[in-house]
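Asker: Residues per chain are reported as follows:
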Amino acid sequence: MATLWLVIQREFVSNVLTSRFMIGFLICLMSTAAAVFVQVEDYEKRLAAYHTAVQEHQETAQTWDLYSQINPKAHRKPNPLSIFNVGMEKSGADMVSIQLATPIWEKEAQKQGSDNPFFSILLAIDAIFVFKIILSALAILFAYNTISGEHEDGTLKLVLSNPIPRDTLVIGKYLGGMLSLFPMVVISFIIGILIAYASPATDFNSADLFRLVAVLILSLLYVSTCYLLGMLLSVWTKEATTALILSMFIWGLLTILYSNIATFAVMKFPPYQLQAEKEILQHIQQRWEDFREERDAYILKKWGYEHPASAVTPISEGNFLVAMYTSSPEEIGYSEFYYIKQIHIVDVSKFQEVLGYQEPLRIDYANQAGALLKQREQAEERNRQLAKDISRFSFADAYRFAVGAITDTDRESYQDFIGGARSYKRQVVDYLSGKNAFSARAWFSSDQGAAAFKDLPVFQNPHTSLFQSLSRASSDILILLAWNIVLFIAAYVSFLRYEMD
Amino acid sequence: MIWHIAKKEIYYNLMTQRFVLMIILLPILMIANALIYGFGDNGYTAEIRDYNRKVNQGRSHIEKYAAQGLGELAMVGPAEIPKHPPQLKFCADGTDALIPHSITIAYRINWERPEYEDLVESYSWRELWSLEYLPSNHGGDATTLIKIDWAFIGVFMSFFVILFTFDAIAGERVRGTLSLMMSNPIPRGQVLFAKYLGTFFTLIIPLLIGVLMNLLIIYLSGNIPFDSDSWLRILGMIGLFALHISIFIFLGLFFSSRVSNAITSLVWLLLTWVCLAFIFPSLLGLFVGTLDPIPSIERISAEKRLQLANIDDEFRPAALVEATKLSEAPSVDNPSATRLWATYFGERSEVQTGIADARVDQQLRQVQLTRELTQISPTACFQYAMEGLANTGIVSYMDFVKQVRRYRNTFIDFIKTEDKSDPHSLHIYPVREGLSQKPVDPETVPIFKERISHQSAIFPLGLLILYNVLFFIAAQLSFLKCDLK
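Protein chains in written order, with our numbering: chain A, 1 to 501; chain B, 1 to 485.
Among the hints, erroneous ones may be present.
Label pairs and their computed distance ranges (CB to CB) [unchecked claim]: (1) Asp65/A / Ser301/B: 22 to 30 Å; (2) Trp5/A / Leu212/B: 54 to 62 Å; (3) Lys454/A / Arg126/B: 55 to 63 Å; (4) Ala198/A / Ser228/B: 54 to 62 Å.
Note that these hints are calculated values from the structure, not bench results.
Glycine included, every Cβ here is placed at the ideal spot set by N, Cα and C.
Could you build all of it, start to finish, from the sequences and the hints given here?
Answerer: Structural data, given as structure tokens:
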């Protein structure tokens, strides 16, 4: 035990005294601080924009006086952890406008709250990006000459001539290296958290802090993987320079190139074929045609009217002002708009009945159209998942995905938001049908009392519990762990068989 | 003698394992680039088809409204104006997915106000057209922003340059060959230059081979047409590659001769490289946003609403229909009402155009400032110069915006001069009834023509040359001063 401690100490001291330690420490600290600072500013802006948007929406909601005017909006609340890991947070939409007869389509969701959309051309650099690129390089720079360097200097022979078992030496070297990297990670991270805390807009709750601690542990695990990679190469090669060049090459490949090429290849030649968007839009048009036919047939059969508007009695030319339909090829929804001019002299009770039948049907058809869109989205998602699975092989990306899952800023949590908007729409529809709003007079006219939206459900941002996040991240954490174990065993075994010539 | 040392350097480099790594990786990247951009059904062919469709739509739009008379055309304006897709996107992608590909035309149609039929004359109108700068809708799919284009391959080349140069001097010093070489009657300057040449050729030749392979694949795929101009631009890009590589060779030689051992030199180089290639351009860019804030989108839209509401209140207050100044509909027989409507449309359009233009100007100015500041990184300069030659990136959009605005003036001038030639017209712009009602010959209506300029490449090119000179001097000085042992 004492010898192990001695080896650790020696490794630690020899690392800390080098210039690479000082330079690396400074760069890591400064880039983390700068990245967090920039992202905090951005988060504040997004949060302010979110609050304004929600408030404006509430104000608009108060001006609705017809049930048919209902147009609730689902706003995505900025996630404070995006300060550390931006992920999908800035590239996705942050508002879904819910219209009853229009399916929710991810592509139509709106992006707002960004003062300058052109800034998205810059890489979103956050603390995790800095860790992913810089810390990994530093870990490799610490590890590449642990064995081959000593071999070149001739000190390895001297060390091994002492009664130190080889396994103690290799474990000691690993722990010593990790011990010198440890303060870099922890201090950079703490500085980052302090900067984030200094902003009045951030309020981390205990769950957030726990998530941050999990991110810290993951970062250490990641650094350890890179260190072990450097160490393994250091055992395998006799010269320190060779070890360095090889490990830098692998570093560049895994951190920067690999996942980009994998993602591009999958997106360019998708294995799951997507239906052309145009075709889907045509299908949707077809669905709306069907809707019109089904409705007209039903109305004719049940009431004997040719058109819903015929239900207003007495039928006269001047009763209807505007009857507008839109379902143009670009539109995925179908809207019909009636304005009854002389509401006080006509009988609309039958018209209400017709609407009570027609509107739920229209919503139903919109859901069918939504299912068509969703099918395509799912194929896209499957391709994306495949690209992700291929990228996972690189531990740098496994780290990125795991952190994304834990900070809740990854693609899945964005999908949760879109899914949340979809289920919110169902709630709104249930609310309306619970109130019999479709056959109410207030659906189209406010002359006998306006529509009341008193306890209209409010959109709740979906919340992922810590446990869920961890289970989402589990496969990536396992990959990181597996890399660690494999690399460690490889380094360990190779060093035991190392030949001193 | 220079050539002798350079040759020795080249032979030495060829034998190293990093050369093997590079010679494997570079063609892979180049072929990947060719496959990604040259094949698949969403490449240049699809873009150009889309562009042609929009151009034709624009033409038939003008034909349709020109037949309905000059007044109608003046209010409707041209159709959506598409930007010509860049051919050389595979060279510099310029985050193309995030840049708008067209400028749309906004107009609003107002229905009659029949509720007040007895109070006001019925008139349904269309407001004057205005340009609308919609941000590109990328549907949240742009998470991987690093594209495998030539510019990125150039950045990756600089990484290899570092791997080749970090021990160029320090390594020889360790091996003891530096003092042997210096014992020959060669000036130090020549030794450095020879080393530079040696490294330069070991890097540029594999690069040229990669480029040729890439171009061959793309050319054979036949999806991207090349004309003599694009070949010239590609030559220019190869020149940019050379300049960029050269900067990093000087940088490597500088650190390698400054520092006593190769490893410290590599640490310095690597960290400098990460900063120059990734951290600086983006982080500094985002930082500028905090330095020079622009009013938030909410404030702008609130201001716009307020100003438009003021105009509406003045001309046709919603609450007091009796007080409306626009109770009479414009017509050829009623010049005074027509004039009022013209003022109303004119003022609204002025507010809308003014705010939209100012907004996009502010945003683009911020981006411009970012670009100017980030040019302290040679890698960013290289990227911008590549984008300039390929005519991609945000600068090409800025240029496009300017040209579209010029076209807007041409279009309005055309309407006004055309109107002057009709003696029956009231010559009141902009209202349909105040202008000539005669159909216009669609051939005479000006059409938007995009002029492509590569001016934006000049400044970063100059900077690249400047950096070369600076780093050359730095490397020289540091090598002249360095110890041999």
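Asker: Is the distance from the Cβ of Lys454/A to the Cβ of Arg126/B consistent with 55 to 63 Å?
Answerer: Cβ of Lys454/A to Cβ of Arg126/B: about 39 Å, so the range 55 to 63 Å is violated.
Asker: Can you let me know if the beta-carbon spacing of Asp65/A and Ser301/B is within 22 to 30 Å?
Answerer: 24 Å, holds
Asker: I want to verify a distance hint. Is the separation of the beta carbons of Ala198/A and Ser228/B within 54 to 62 Å?
Answerer: 58 Å, holds
Asker: Take the C-beta atom of Trp5/A and the C-beta atom of Leu212/B, compute their distance, and say whether it sits inside 54 to 62 Å.
Answerer: Holds, at about 58 Å.
Against the hints set out earlier in the document, a violation occurs for number 3 only.
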